[in-house]
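Trainee: Top to bottom, those sequences are chains R and A.
Take 1 as the starting number for the first sequence in the working numbering and just add one per residue.
Take 1 as the starting number for the second sequence in the working numbering and just add one per residue.
Rather than coming from a laboratory, the hints here were simulated on the basis of the structure.
Hints are not guaranteed to be accurate.
[Unchecked claim] Computed spacing ranges between beta-carbons, pair by pair:
#	chain 1	residue 1	chain 2	residue 2	range
1	R	Gln121	A	Ser40	30 to 38 angstroms
2	R	Ile126	A	Arg8	52 to 60 angstroms
3	R	Lys18	A	Asp70	26 to 34 angstroms
4	A	Asp140	R	Ser34	34 to 42 angstroms
[What the hints assert, rightly or not] Straight line, CA to CA, 27 angstroms or less: simulated BS3-like cross-link-like pairs of lysine-lysine:
#	chain 1	residue 1	chain 2	residue 2
5	A	Lys126	A	Lys104
6	A	Lys126	R	Lys18
7	A	Lys192	R	Lys243
Don't be surprised by glycine CBs; every beta carbon is placed ideally from N, CA and C.
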Amino acid sequence: MIYRIRDLRLSLANMAHKPLLGSAPRIEILKGVSFDVPQGAVLGIVGGSGSGKSTLGRAMLRLIEPDSGQIEFEGRNITHAPEAELRLLRHRFQMIFQDPMSSLNPRRRVGGIIAGPLRLQGLDNIDARVSEALDMVGLPRTFARRYPHELSGGQRQRVGIARAIALRPRFILADEIVSGLDVSSQAQVLNLLEELVREFGLTLAFISHDLSVVRRLCNRVLVLHHGEIVEEVETSALFDNPKADYTRSLLGAIPLPDPDQVWL
Amino acid sequence: MSAQLSVRDLSITLQNGVRILRNVSLEVGAGRVHGLVGESGAGKSMIGKAILSTLPHAMNVTGGQICFGDVDLMAMAPKARHTWIGANAALIPQDPLTALNPSKRIGPQITRRLVDILGWAKTNAKARALDLLAEVQITDPARVMRSYPHELSGGMRQRILIASAFAAGPKLIIADEPTTALDVTVQKQILKLIAQMQAEHGTALLFVTHDLGVVSKVCDTLSVLYAGKVLENAQMRRFFTHPIHPYSRAVLAATPTYSNPTGSLAQVPQKVIDAVEQDIRHHDIRHHI
Numbered sequence: 001m002i003y004r005i006r007d008l009r010l011s012l013a014n015m016a017h018k019p020l021l022g023s024a025p026r027i028e029i030l031k032g033v034s035f036d037v038p039q040g041a042v043l044g045i046v047g048g049s050g051s052g053k054s055t056l057g058r059a060m061l062r063l064i065e066p067d068s069g070q071i072e073f074e075g076r077n078i079t080h081a082p083e084a085e086l087r088l089l090r091h092r093f094q095m096i097f098q099d100p101m102s103s104l105n106p107r108r109r110v111g112g113i114i115a116g117p118l119r120l121q122g123l124d125n126i127d128a129r130v131s132e133a134l135d136m137v138g139l140p141r142t143f144a145r146r147y148p149h150e151l152s153g154g155q156r157q158r159v160g161i162a163r164a165i166a167l168r169p170r171f172i173l174a175d176e177i178v179s180g181l182d183v184s185s186q187a188q189v190l191n192l193l194e195e196l197v198r199e200f201g202l203t204l205a206f207i208s209h210d211l212s213v214v215r216r217l218c219n220r221v222l223v224l225h226h227g228e229i230v231e232e233v234e235t236s237a238l239f240d241n242p243k244a245d246y247t248r249s250l251l252g253a254i255p256l257p258d259p260d261q262v263w264l
Numbered sequence: 001m002s003a004q005l006s007v008r009d010l011s012i013t014l015q016n017g018v019r020i021l022r023n024v025s026l027e028v029g030a031g032r033v034h035g036l037v038g039e040s041g042a043g044k045s046m047i048g049k050a051i052l053s054t055l056p057h058a059m060n061v062t063g064g065q066i067c068f069g070d071v072d073l074m075a076m077a078p079k080a081r082h083t084w085i086g087a088n089a090a091l092i093p094q095d096p097l098t099a100l101n102p103s104k105r106i107g108p109q110i111t112r113r114l115v116d117i118l119g120w121a122k123t124n125a126k127a128r129a130l131d132l133l134a135e136v137q138i139t140d141p142a143r144v145m146r147s148y149p150h151e152l153s154g155g156m157r158q159r160i161l162i163a164s165a166f167a168a169g170p171k172l173i174i175a176d177e178p179t180t181a182l183d184v185t186v187q188k189q190i191l192k193l194i195a196q197m198q199a200e201h202g203t204a205l206l207f208v209t210h211d212l213g214v215v216s217k218v219c220d221t222l223s224v225l226y227a228g229k230v231l232e233n234a235q236m237r238r239f240f241t242h243p244i245h246p247y248s249r250a251v252l253a254a255t256p257t258y259s260n261p262t263g264s265l266a267q268v269p270q271k272v273i274d275a276v277e278q279d280i281r282h283h284d285i286r287h288h289i
């Protein structure tokens with residue numbers, strides 16, 4: 001089991017309603033979320049905006065600390081682990097971010113961007129590892145000399161993926177990584193992810209609001225709504241026989257590229 | 001059906017000579033919805049900006065015509081053109097948060113254009129804004145008029161921009177990816193609303209999007225763009241059943257749909273892209289400046 005999550009609760013300060021003096025009211029984002037991520041799973045996390053899917057992802061990587069509940073990563077309880085302890089674990093779980101333009105440092109070359117986390121982890125043979133990571137995502141090694149602005153959106157997202165897999169993690173969280181891409185680069189990135197999962201036995205959590213993409217990639221899907229899990233099933237079961245009303249309304253809202261679908 | 005908007009051989013070039021649009025021609029019939037699809041960087045938004053005369057300074061229109069009915073926009077003096085566009089065309093932008101001024105209340109942001117540019121009386125403009133907010137299904141228009149953008153949800157903000165676009169009774173509205181920032185359930189509501197408002201007001205709509213699913217729901221006709229060139233102008237239904245251009249076929253095959261999970265996700269083949277790019281090089285040689 002890669003992740004075991006039990007009754008996870010998380011609240012954040014609601015700054016939109018903060019009084020001039022005194023502290024802001026808390027707003028509950030996750031209201032008791034429990035699920036498991038087995039080794040080798042590709043888990044889709046879907047839900048509308050504000051459903052808490054990104055917050056859940058960030059809590060899993062302990063980028064934010066939950067209020068209560070339990071997060072176990074490879075059998076180790078990291079719910080309230082201090083940063084020093086987490087740093088020793090961080091190379092085992094990595095993240096790919098939504099917007100590659102704002103998650104890649106515009107002043108560093110691709111090589112430096114991928115090397116950054118490797119250096120932080122104190123690894124050796126950095127150049128070789130960078131080249132290897134570029135090979136794995138199908139970018140030419142010469143791209144190490146380029147700056148992010150010289151790349152297309154799809155290529156930038158590959159750099160984001162290369163940075164995450166260069167550390168050889170066990171688990172990767174991909175937060176809406178194809179929503180900013182057009183269909184042809186989207187297809188490339190999805191095919192690449194599928195390949196990486198197959199070849200390296202990666203475990204992947206894929207956050208998305210696009211159910212078509214989730215159906216392509218994931219073998220299990222978790223539907224979040226207002227910080228609660230409304231449904232967690234095999235992908236095919238979700239699409240063939242959605243149980244929760246919310247899942248049905250999500251499915252019904254997707255416009256298929258088919259002029260005969262009754263929709264509006 | 002007469003064309004409300006017709007664009008003929010429109011070319012746009014950056015100051016350094018890079019071509020943005022290559023002899024683009026398209027028509028939007030009165031009361032019709034025309035989709036502009038293509039990948040990022042294909043020049044979809046630039047067509048909209050050229051029509052609204054809001055191109056960045058570094059870009060120049062190097063040829064072609066933009067006609068509204070029988071009015072040739074390119075033949076007008078810039079100032080007259082701006083006034084004319086202000087009265088007859090409007091934009092629904094992509095990101096409702098950046099399109100609204102965060103430091104001003106909603107009300108003045110809707111009415112200002114009516115009062116300052118079109119010379120409406122303030123009370124008329126305010127009444128019109130309240131009517132329109134009600135029309136876009138905002139439950140408490142008076143309260144929303146007094147709110148600041150950050151107090152409203154993404155869907156509410158987009159409704160306000162739709163109301164604002166229809167305010168002056170334009171003949172043409174350009175919607176530039178109006179739902180990409182929204183999640184699917186809100187997207188559906190907003191598209192429904194745009195379609196409804198469009199039909200009621202009889203406005204011609206130029207709908208920029210990269211989502212073929214959305215195109216199949218709202219558009220009557222569409223143009224497929226690649227690198228600033230129109231590859232195919234088509235009736236919507238014909239495009240989805242019998243796409244003519246190889247690139248159109250490849251893009252349709254690359255679009256993931258949850259209803260067809262087993263079909264492997266075809267990338268647009270390099271062969272198709274190479275052919276299109278060669279075609280574009282030939283085009284540039286024929287039309288060199």
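Trainee: It remains to establish, for every hint, whether it holds in the given structure.
Mentor: Status of each hint after checking the structure:
For the pair Gln121 (chain R) and Ser40 (chain A), the beta carbons lie near 34 angstroms from each other, so the given range of 30 to 38 angstroms is met. For Ile126 (chain R) paired with Arg8 (chain A), a C-beta distance near 56 angstroms keeps the hint of 52 to 60 angstroms intact. Checked against the hint of 26 to 34 angstroms, the C-beta distance between Lys18 (chain R) and Asp70 (chain A) comes to roughly 57 angstroms, which is inconsistent with it. About 39 angstroms separates the C-beta atoms of Asp140 (chain A) and Ser34 (chain R), a value consistent with the hinted range of 34 to 42 angstroms.
Taking the CA atoms of Lys126 (chain A) and Lys104 (chain A), the gap is near 15 angstroms; set against the 27 angstroms cutoff, the hint holds. The hinted pair formed by Lys126 (chain A) and Lys18 (chain R) fails the criterion: a straight-line CA distance of about 31 angstroms is larger than 27 angstroms. Distance hint between Lys192 (chain A) and Lys243 (chain R) is fulfilled; the C-alpha atoms sit about 26 angstroms from each other, no more than 27 angstroms.
Hints 3, 6 from the list above are not met by this structure, while the remaining hints are.
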